[in-house]
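Undergrad: In case you want the letters, here they are:
There are 2 protein chains.
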Amino acid sequence: MQKKYIGPYISLRHFLDALEYLEHVLHIDEINQDEYEATALMYRMIEKYSAQEAPVLFFDQILSKNRIFKKSSIGNLFGKWDLEAMALGIVPTNSSRENYKLAIKKIEQHIDENGKWPRIKPIVIEARKAPCKENILQGENIDLFNFPFLQTNPADNGCYINTGSVILEDTSLGRNIGTYRCQIKNSNTIGINPQINQDGWKFLNDLRAQGEKNADVAIALGTDPITFSMSGSKVAKYGEDELEIAGGLIGEAIETVKCETNNIHVPANSELILEGQIPLNKMESEGPFGEMYGYIGEEKKENFFMKVKAITHRNNPIIPNQFTGITRGCLTAPIEASLNRKYRSHFKEFVGLYYPLEYPGFCFVNLGKTTTEKTFEIGRYISTTLKIAKITILFDKDVDIHNLNEVLHALGSRWQPQRSSEIIEKASSLSGDPSSNKKGEGNRIIIDATRNATESQNNQSFAKMNIECLRSEFPNLLERIDEKFKEII
Amino acid sequence: MQKKYIGPYISLRHFLDALEYLEHVLHIDEINQDEYEATALMYRMIEKYSAQEAPVLFFDQILSKNRIFKKSSIGNLFGKWDLEAMALGIVPTNSSRENYKLAIKKIEQHIDENGKWPRIKPIVIEARKAPCKENILQGENIDLFNFPFLQTNPADNGCYINTGSVILEDTSLGRNIGTYRCQIKNSNTIGINPQINQDGWKFLNDLRAQGEKNADVAIALGTDPITFSMSGSKVAKYGEDELEIAGGLIGEAIETVKCETNNIHVPANSELILEGQIPLNKMESEGPFGEMYGYIGEEKKENFFMKVKAITHRNNPIIPNQFTGITRGCLTAPIEASLNRKYRSHFKEFVGLYYPLEYPGFCFVNLGKTTTEKTFEIGRYISTTLKIAKITILFDKDVDIHNLNEVLHALGSRWQPQRSSEIIEKASSLSGDPSSNKKGEGNRIIIDATRNATESQNNQSFAKMNIECLRSEFPNLLERIDEKFKEII
Chain E
1058 MQKKYIGPYI SLRHFLDALE YLEHVLHIDE INQDEYEATA LMYRMIEKYS AQEAPVLFFD
1118 QILSKNRIFK KSSIGNLFGK WDLEAMALGI VPTNSSRENY KLAIKKIEQH IDENGKWPRI
1178 KPIVIEARKA PCKENILQGE NIDLFNFPFL QTNPADNGCY INTGSVILED TSLGRNIGTY
1238 RCQIKNSNTI GINPQINQDG WKFLNDLRAQ GEKNADVAIA LGTDPITFSM SGSKVAKYGE
1298 DELEIAGGLI GEAIETVKCE TNNIHVPANS ELILEGQIPL NKMESEGPFG EMYGYIGEEK
1358 KENFFMKVKA ITHRNNPIIP NQFTGITRGC LTAPIEASLN RKYRSHFKEF VGLYYPLEYP
1418 GFCFVNLGKT TTEKTFEIGR YISTTLKIAK ITILFDKDVD IHNLNEVLHA LGSRWQPQRS
1478 SEIIEKASSL SGDPSSNKKG EGNRIIIDAT RNATESQNNQ SFAKMNIECL RSEFPNLLER
1538 IDEKFKEII
Chain G
1058 MQKKYIGPYI SLRHFLDALE YLEHVLHIDE INQDEYEATA LMYRMIEKYS AQEAPVLFFD
1118 QILSKNRIFK KSSIGNLFGK WDLEAMALGI VPTNSSRENY KLAIKKIEQH IDENGKWPRI
1178 KPIVIEARKA PCKENILQGE NIDLFNFPFL QTNPADNGCY INTGSVILED TSLGRNIGTY
1238 RCQIKNSNTI GINPQINQDG WKFLNDLRAQ GEKNADVAIA LGTDPITFSM SGSKVAKYGE
1298 DELEIAGGLI GEAIETVKCE TNNIHVPANS ELILEGQIPL NKMESEGPFG EMYGYIGEEK
1358 KENFFMKVKA ITHRNNPIIP NQFTGITRGC LTAPIEASLN RKYRSHFKEF VGLYYPLEYP
1418 GFCFVNLGKT TTEKTFEIGR YISTTLKIAK ITILFDKDVD IHNLNEVLHA LGSRWQPQRS
1478 SEIIEKASSL SGDPSSNKKG EGNRIIIDAT RNATESQNNQ SFAKMNIECL RSEFPNLLER
1538 IDEKFKEII
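Line by line, the protein sequences give chains E and G. Counted from 1, the first sequence has number 1499 at position 442 by the working numbering; the numbering is strictly sequential. Counted from 1, the second sequence has number 1458 at position 401 by the working numbering; the numbering is strictly sequential.
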């Protein structure tokens, strides 16, 4: 593979060039989102290829809110597992699942022995060298409807920016970057929706507590994939700078540039930057919006909003749309690797976890051999520290938790429900879980689907799997078959 | 489609012609099962295509127990959902899942209003017209090793007939046909393994109780698909004739022919017939064998066996191998349709069920809107009357229970574990479930993942799904997109 196509990528454009080269992109000549065709097509693509293997869709021409946008709208930019590897500079193998695991492994190795992510401080470059300054719009030239921020669902309250990195900076609080959905309210007003207790929410409240009336803010769209991934994850703790961690992962400093209308620094290679202010003493309603869980959330009565003061952008900016609730919205390997390192530092028996974003609520965990007591201790800990883990299922190491077939086969054959379950009656629920008893409250289950659950009761060893015996008698058989029948496998 | 390729098929050969015509068959030039290559390839095919979509494999040349067999061994003959439709005479659509549902629907309509299957009595034809009599082997010419009965797993205790219809007949007991695994013990001895309380087991015990010393028996291999499906299911109750029900489903009488060495009548179009006797007062050990559950079962100490007295077969007989525990082993639509009719007659709220054979232990159920009490009543009834239903999950009608994505999405988003689960502590377990507490005993769970579970607690209606709103605002959108983008979907 040509070196220029190998990641990590310093901009969305570099990433896209590699995606095109490796044929991960499907171009759609013409599509009408005013009739939700792009949304419908995305559903069908996920159905056909799965969330982990559906291609990136590049809408060569899209109609949105009665305007035609050319070569500037893109969907499912981070869904494919192959792309997780590519974004980290791994040359992808033929196996999508393998690529995802390689990505996780690479990040686990990247994190140092104390669990810290190596950092490289961002640098500031001159505005004239910053691609995101190729076009600068202020005053009457500001019109958010000039860009393809799509309305994904007919039930959404309008168009949304759902792939924006919302950047807040303050001399004492430092920098915070987070991905919050942003409703386009009019040509220069945007709802800003950090969940209660998310870092962005804390940041704004801390500013208000300091007596500030307004918060300066910038939203970066179409950054390099790693920066977007850090923005969308909790890898950086409150007070830590996402850009330093992103730089550390890319292996070079993120280039930033100062905003036109405030002192915030934004990734210079971004496709588009929205600059503005968030009033801290005024809230507006926001939503409803079709949430990640796949259900329409309620209207929020009290939500921050932003007045846009300037828009700067590259020539022909490309705006990714997340199709929330349909596609996997960002690189998840960094998040998983980070959680793996965290839980492994607590429990030596913990091997790894996986929570499929396309079925929110599940968390599959691999454990080394341990006792029933320890299994539930680990399950309980994960279940109470990881919001999405409503249904936490613990497996032996031999189960490939990234392979749903193996997960379900092991659950069906190794779990005895009465013997090997523990319920947590009162727990927090994931925002958007429509089955919650009360808003934000729900219950959880921990399932022990390890062999030990049976063995410790029966005092005899668990039956061997057919494939286990095959592998042990013919260690390289499956790999040899892959080679012998490579034209059909 | 040419009429001759449309089912139902009166023989395996007719079925195979149609499969070849519709390109459901992948020919494998040469494969060595003495190194378990066919087993390994089958694992890889299922991994690549899924259990419902993997092709039929025709082994043009296979090495087994040091003998080469040409054009006579076939695998995954009933795995593809498309084939379920074809076998019933439905011209398949492009959607595999749709085809499976069409098959279920067709059978549900076939069963009469009282739940009875229409019957057509088999007819007897002359031996000279029966394909299965093209070759007749007796005495010293009998050698089971001359046919490609494969050893599927290295841990199996030898080669097995795992697609045989074991036929028992008695003047008072009638005819019983069942698919039991049959271990090849030597050139003319076969283990016969009906599970305790399966019809074949009852039949043999009833004969013994009548004072019989031996039971006449025949094993038919490579019958038409419907007959094999009836043999492998519990559609026919004890005392009912599988061949009458198969004839009713095919729409014409099954042609049978009398055995050479006893009075049993066998399907005349079978590829191969084994005739013989089962001693009723003598048992032998059998197994171990890699079971349907995917685990190696234990050796059985006491098992029936059969002495082969004659082998009759078509020219170049084709022997299907089931690859037990890897592929879906027989047409399942008749079984599901039959269960649907049964449970619907008990509960008007019951809509349908599905239990994926590739993950034994699960049973997914669709219900119409009902109360929590009724939901658990239905769940309890299914859970205690359907052995495989260790984990019974009840869903609303909108969830496509044949679509695993929808099943998991609904389970993750509509289930509150503490609120909506019921455990059955003492229940029977499926044979081969390695997590059983004691052999044949285990526990079960009933899960209410309906919207009503939440609504009845919260007194407010459940959040709408994003896709639900899309469908209701744009009723034909998804279908229109299928048409507009048919080249890529």
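Please keep in mind that the hints were generated in silico from the structure rather than gathered at the bench. One or more hints might be untrue.
PhoX-like, lysine-lysine: derived pairs with alpha carbons at most 20 Å apart [to be verified]:
| # | chain 1 | residue 1 | chain 2 | residue 2 |
| --- | --- | --- | --- | --- |
| 1 | E | 1291 | E | 1399 |
| 2 | G | 1357 | E | 1521 |
| 3 | G | 1294 | G | 1259 |
| 4 | G | 1294 | E | 1496 |
Sample of chain E residues at the chain G side, in silico, Cβ under 7 Å [stated by the list, open to error]:
| # | residue |
| --- | --- |
| 5 | 1098 |
| 6 | 1101 |
| 7 | 1231 |
| 8 | 1265 |
| 9 | 1266 |
| 10 | 1382 |
| 11 | 1499 |
| 12 | 1502 |
| 13 | 1517 |
| 14 | 1520 |
| 15 | 1532 |
| 16 | 1534 |
Beta-carbon label-pair distances, calculated as ranges [stated by the list, open to error]:
| # | chain 1 | residue 1 | chain 2 | residue 2 | range |
| --- | --- | --- | --- | --- | --- |
| 17 | E | 1429 | G | 1079 | 32 to 42 Å |
| 18 | E | 1165 | G | 1259 | 48 to 58 Å |
| 19 | G | 1079 | E | 1462 | 23 to 33 Å |
Glycine included, every Cβ here is placed at the ideal spot set by N, Cα and C.
Undergrad: Honestly, do residue 1429 of chain E and residue 1079 of chain G meet the 32 to 42 Å range at C-beta?
TA: Since residue 1429 of chain E and residue 1079 of chain G have Cβ atoms about 51 Å apart, the given range 32 to 42 Å is violated.
Undergrad: Is the straight-line distance between the alpha-carbon of residue 1357 of chain G and that of residue 1521 of chain E 20 Å or less?
TA: Holds - the C-alpha atoms of residue 1521 of chain E and residue 1357 of chain G are around 16 Å apart, at most 20 Å.
Undergrad: How about residue 1532 of chain E: closest beta carbon in chain G under 7 Å, or not?
TA: This hint is violated: residue 1532 of chain E lies away from chain G, its Cβ roughly 12 Å from the closest one there, beyond 7 Å.
Undergrad: Residue 1231 of chain E was flagged as interface toward chain G. Is the shortest Cβ-Cβ separation under 7 Å?
TA: 36 Å, violated
Undergrad: Does residue 1496 of chain E sit within 20 Å of residue 1294 of chain G, going by the straight-line distance between their CA atoms?
TA: Given that 20 Å is the threshold and the Cα spacing comes to 51 Å, the pair is violated.
Undergrad: Against chain G, run the beta carbon of residue 1534 of chain E and see if the smallest gap drops under 7 Å.
TA: At about 5 Å, which falls below the 7 Å cut-off, the nearest Cβ of chain G leaves the hint on residue 1534 of chain E intact, so it holds.
Undergrad: Grab the minimum C-beta distance from residue 1266 of chain E to chain G and call the hint holds if it beats 7 Å, violated otherwise.
TA: 34 Å, violated
Undergrad: Should the hint that residue 1517 of chain E touches chain G count as held when the rule is a Cβ pair under 7 Å?
TA: 10 Å, violated
Undergrad: With a cut-off of 7 Å on the beta carbons, see whether residue 1382 of chain E makes it to chain G.
TA: Where the cut-off is 7 Å and the nearest Cβ of chain G is about 5 Å from residue 1382 of chain E, the hint holds.
Undergrad: Should the interface hint for residue 1502 of chain E be scored as holding, given a Cβ-Cβ cut-off of 7 Å against chain G?
TA: Check passed: Cβ of residue 1502 of chain E comes within 3 Å of chain G, closer than 7 Å.
Undergrad: Using the beta carbons of residue 1079 of chain G and residue 1462 of chain E, state whether their distance is inside 23 to 33 Å or not.
TA: 26 Å, holds
Undergrad: Within 48 to 58 Å: is that where the Cβ-Cβ distance between residue 1165 of chain E and residue 1259 of chain G falls?
TA: The hint (48 to 58 Å, Cβ to Cβ) holds, given that residue 1165 of chain E and residue 1259 of chain G are roughly 57 Å apart.
Hint check: violations occur at hints 4, 7, 8, 9, 13, 15 and 17; the rest are consistent with the structure.
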